[in-house]
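*Asks:* As a plain string of letters, each chain reads:
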Amino acid sequence: MTGTWPLVRLALRRDRVLLPAWIIGLSLMVASSVAATRDLYPTQESLTSAAETINATAALVALYGKVYDPTSLGAISLIKLTAFGAAIVGIVFIFIVIRHTRAEEESGRLELVGAGAVGRAAPLTAALIVSMGASLALGVLTALGIGAVGLAWSGAFAFGVSWALAGIVFSAIAAVAAQVMTSARAAIGVGVAAVGAAYALRAVGDLGAADPGWLSWLSPVGWSQQIRPFAGDRWSIALLPIVATAVLVPIAYSLRARRDLGSGLVPERAGPAQGAIGGVMGLAWRLQRGLFIAWALGSALMGMVLGSVAHTIAGLLNSPQMAAFFEALGGSQGLTTMFLAAEIGILGSLVGAYAIAAASRLRSEETAGHVELLLSTPASRLRWATSHLVFACVGSAIIILITGTAIGFAHGLAIGDVGGQVPRLFAASAGQIPAALVIAGIVMLLFGVAPRLVVGAWGLLVAFIVVGEFGSLWQLPQWVLDLSPFAHSPRLPGGDVELGQLALLTGIAAVLLAVGLATWRRRDLRP
Amino acid sequence: MNSESSDLVIDVRGLVKNFGHTQVLKGLDLQVMRGEVHAFLGPNGAGKTTTLRLLLGLLRSDGGSMSVLGLDPWSQAADLHRRLAYVPGDVALWPGLSGGEVIDLLGRLHGGIDPARRTELLERFELDPTKKARTYSKGNRQKVALVAALATDAELYLLDEPTAGLDPLMEAQFKECVEQLRDDGRSVLLSSHILSEAEVLSDRVSIIRDGSVVETGTLAQLRHLTRTTMSATVARPPEGVETLTGVYEAKLDGDRFTAQVDAHGVAPLLAALSSAGATALVSHPPTLEQLFLSHYSETGGAP
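As they're listed, the protein sequences go chains C and S.
Taken in order, the first sequence gives residues 558 to 1084; the numbers are from our numbering.
Taken in order, the second sequence gives residues 1400 to 1702; the numbers are from our numbering.
Treat the hints with caution; some may be incorrect.
[As the list claims (entries may be wrong)] Stretch by stretch, here's where chain S covers chain C in the computed footprint (C-beta under 8 Å, at least three residues):
| no. | segment |
| --- | --- |
| 1 | 829-835 |
| 2 | 838-848 |
| 3 | 918-931 |
| 4 | 934-941 |
| 5 | 1077-1083 |
[Unchecked claim] Sample of chain S residues at the chain C side, in silico, Cβ under 10 Å:
| no. | residue |
| --- | --- |
| 6 | L1455 |
| 7 | L1479 |
| 8 | H1480 |
| 9 | A1484 |
| 10 | D1489 |
| 11 | E1500 |
| 12 | G1506 |
| 13 | A1544 |
| 14 | A1548 |
These are computed hints drawn from the structure, not numbers from a lab.
Idealized CB from N, CA, C, for every residue including glycine.
Okay, chain C solo, but in the shape it has when bound:
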């Protein structure tokens, strides 16, 4: 453990902006949501009926979970932040842990540090201290925020604990992923996939007949939810993530003890002596294929899961009044359509994350110094940039269409109409493509104009999604809501297709890409 404290200080120094920004931003988001919800439902009746509507709408249950106490202001005001929020917290802390472990190791900087008076496990310990400490700080600050707005302290701290534990358990998962994978990119991929799986497991579990189904108990996101802040404050559930962390952290340490610096668990295999990579495009495929295939498979799986539960939505209406209400809105079929449109919308904005990851490869290839070698050959700047943009643009489109097809296939299978549902949902998902292109265009523009800010595209994506989720609750002006490209995607199936909006999005994407490419051709290489 020698040298842990200097490493903790180093990590805090490197994250002196990032960490406070996340912690303060997330806790402010919680406090402002609670405050806004209180103004939204002035009477107990309006509150209860809103909670019952959420519980009766499968699309919302799948996204956010149930309101376990429909009479509780705290429970309903935090509904969007319980499962969804725990997933965001999980992703943030996975990034932080990998940033200080595998990423440092991969860059070779840890070698420099490791040659000093630093124990072998010290970097891992330091990363866990920083990220778990930050998780606790986030929990406390969040609880203080909720309490300060005027809700019960017990519930406030139950919610704080649910977030803190989400941060802690996903830090432990990231610690294991950092030992197994040799690249930071792959380790983050594994961690984010774990968050996605945890989120999907509880979505299916929450839709089950039991309260909740057993799948929710397998999910760290589900655990955070089942603490049920403001709806029982079940503190004993907190044991589950604590036990999981107590199991995962020793695993990470024993894996670290068994491997060399820089290596993963799987020994490096020899590669081919002769190369078959034909050119810049072949290289891009080689570098991008892992990400693309993982996303394609993940989206297909997610689409199948969501598609297979869509038809059960109507049966989940647990109050007869609600059922009658929705029947009036267009019947159970209308409800299913609403659910499908909501899922396609959410999955569509998630593909924005793929678009950023794929397009950001431009910048990481530049900072790694690979571009210098490549561009000293006759390969042109334009061709090289295009080779990665193809993945960000065409790749995103393919992933979106795969999602739609998978939803259509599973839903069609369930209701015995594969031939009808596959083309219907394929077409519906196509409406999400232009917004994803805009996201890719934003990355390209940043890469051309301000390459150091490329990473800021992630912040923009989070902002777009958060504004989409909470913007109307916070009563933000319409023009702010309209800043998000996802706000202009059609709600399909069921909604109207506004070709003008789609053409506008596509046009904006084309301009962003063109300006980005033009500036990239004219700027210095900035490793």
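Got chain C sorted already, so can you dock chain S onto it with the hints?
*Replies:* Here is chain S on its own, set in the frame of chain C:
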């Protein structure tokens, strides 16, 4: 466009490059003639790598003129790159690709490499092409870039501190390769701060200091700048050498006499030594190290 007849493969005049408010190149001049091995010498941070990146069109100049193989590196980069090969100073490879894959990729981008030449170079540099780049040492990464560049049929080779990570055995192999290139009539610009390497390899030398070239010439031309070291075994102490002009640091240690001497001090010193009954005489021409130091010591700067 067509300057095939020109004797200059690189013609740089008054090159200026700024990074923000820092001026990295301050009116740099550099001429490399066709068929020569030209060493580009300077300490870390003098602007060698920046110059090479400008010559490749990876950076854009802020002033002055540049012509490489008769082309403008910025606007005609792809055409230019077809005819040159480059080894970066800090070779970064894709961690998941094997050395063989990288060599073949770069070769294909250059329009194909000669497989026999590739095999010969792999053997010469004792490089295992099946290893993933992630597992290569710095020296081995450099070898990958060297093999890729040397296997390319180019008119001009730009090598940025190519031997920095190589062991002495591999350095010797590298020297042979450069001599081969010269024999084939190729041009080489080789940046280095390893002076002995430049001394052995290069036909001409340009010394860069703080963003501009302070001296260019053949080693013979540059040697006038510094003093020859003379040492002799003498029967008795030579008389009056301390007062001779052009003779410095004269020392007598037993029967062994050493001194530094300027060109015009050689004849008087020889006379003094001969009257002191010299039985053995050794004179060393200045090494590049001394040459280099004379440019970098503030007092003994270039005359």
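*Asks:* If a hint holds in the structure, say so; if it does not, say that too.
*Replies:* Structure-based check of all given hints:
no., hint, result
1, 829-835, "holds (count 7)"
2, 838-848, "holds (count 4)"
3, 918-931, "holds (count 6)"
4, 934-941, "holds (count 5)"
5, 1077-1083, "holds (count 4)"
6, L1455, "holds (5 Å)"
7, L1479, "holds (9 Å)"
8, H1480, "holds (5 Å)"
9, A1484, "holds (8 Å)"
10, D1489, "holds (6 Å)"
11, E1500, "holds (3 Å)"
12, G1506, "holds (8 Å)"
13, A1544, "holds (7 Å)"
14, A1548, "holds (9 Å)"
Going through the hint list in order, the structure satisfies each hint without exception.
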